[in-house]
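Peer 1: Protein sequences appear in the order of chains A and B. Sequential numbering from 1 applies to the first sequence in our numbering. Sequential numbering from 1 applies to the second sequence in our numbering.
Treat the hints as calculated values from the structure; they're not laboratory data. Certain hints may be false.
To be verified - From the derived model, a few chain A residues whose C-beta atoms are all more than 12 Å from chain B:
(1) Gly16
(2) Gly40
(3) Arg44
(4) Leu45
(5) Pro61
(6) Leu75
(7) Val88
(8) Thr113
Said to hold, decoys possible - Now the in silico label distances, taken between C-beta atoms and shown as ranges:
(9) B:Gly16 with A:Ala56: 38 to 48 Å
(10) B:Ile13 with A:Asn65: 24 to 34 Å
(11) B:Leu14 with A:Gln17: 45 to 55 Å
The structure displayed is predicted, hence computed values, not measured ones. Ideal Cβ positions, reconstructed from N, Cα and C, are used throughout, including at glycine.
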Amino acid sequence: NAGVTQTPKFRVLKTGQSMTLLCAQDMNHEYMYWYRQDPGMGLRLIHYSVGEGTTAKGEVPDGYNVSRLKKQNFLLGLESAAPSQTSVYFCASSYTETALFRGYTFGSGTRLTVV
Amino acid sequence: KNQVEQSPQSLIILEGKNCTLQCNYTVSPFSNLRWYKQDTGRGPVSLTIMTFSENTKSNGRYTATLDADTKQSSLHITASQLSDSASYICVVSAKTTGGFKTIFGAGTRLFVKA
């Protein structure tokens, strides 16, 4: 049982380049989330999905786009990377919106540096 | 404003000692509070989840308490081990008219020394 898998684990981009981060979960979770983690700050929600084919904006959505064409996959795209997007990105999933039973299941993160 | 404040920012203790981490929140209306452990280079892993009616919840050597009246929670670690070195994150969720809003604290970085 792999849980939540993120690829790639590390990436360096030049300003203006684009990339896609992939998140895959094998737990049949309905809810999936993309967070970013910056030093000295709590995780901040970028976008989330409440089911296949749905997406919604979180707290810091600007500069990012997402897609959830399949239930098990949630993609995060950066169309034109900026140095302010240097961060560690975490994908998470949960059975329900409240995630009361087991909480969120997180991936191991993608460390992105934009130069 | 919904906020989650954790203290201390970092803590160094000797192996075998106990410690307590604090979490104060202003998130409203309160739904649940969770503590996560995040090892370096890894994603957070859930330790405990508490709803409004729960005052204490344990998970092995980890014991979380919740005082919903004062909006405070603590995580007590007993007989610390080197493997306890990690960041501990307090997460509070509120049930709003638009759904659930989840606020993450910045975490307490714990270092356990031999």
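Peer 1: Checked against the structure, which of the hints given earlier come out wrong?
Peer 2: Violated hints (numbers, rising): 2, 3, 4, 7, 10; every other hint is consistent with the structure.
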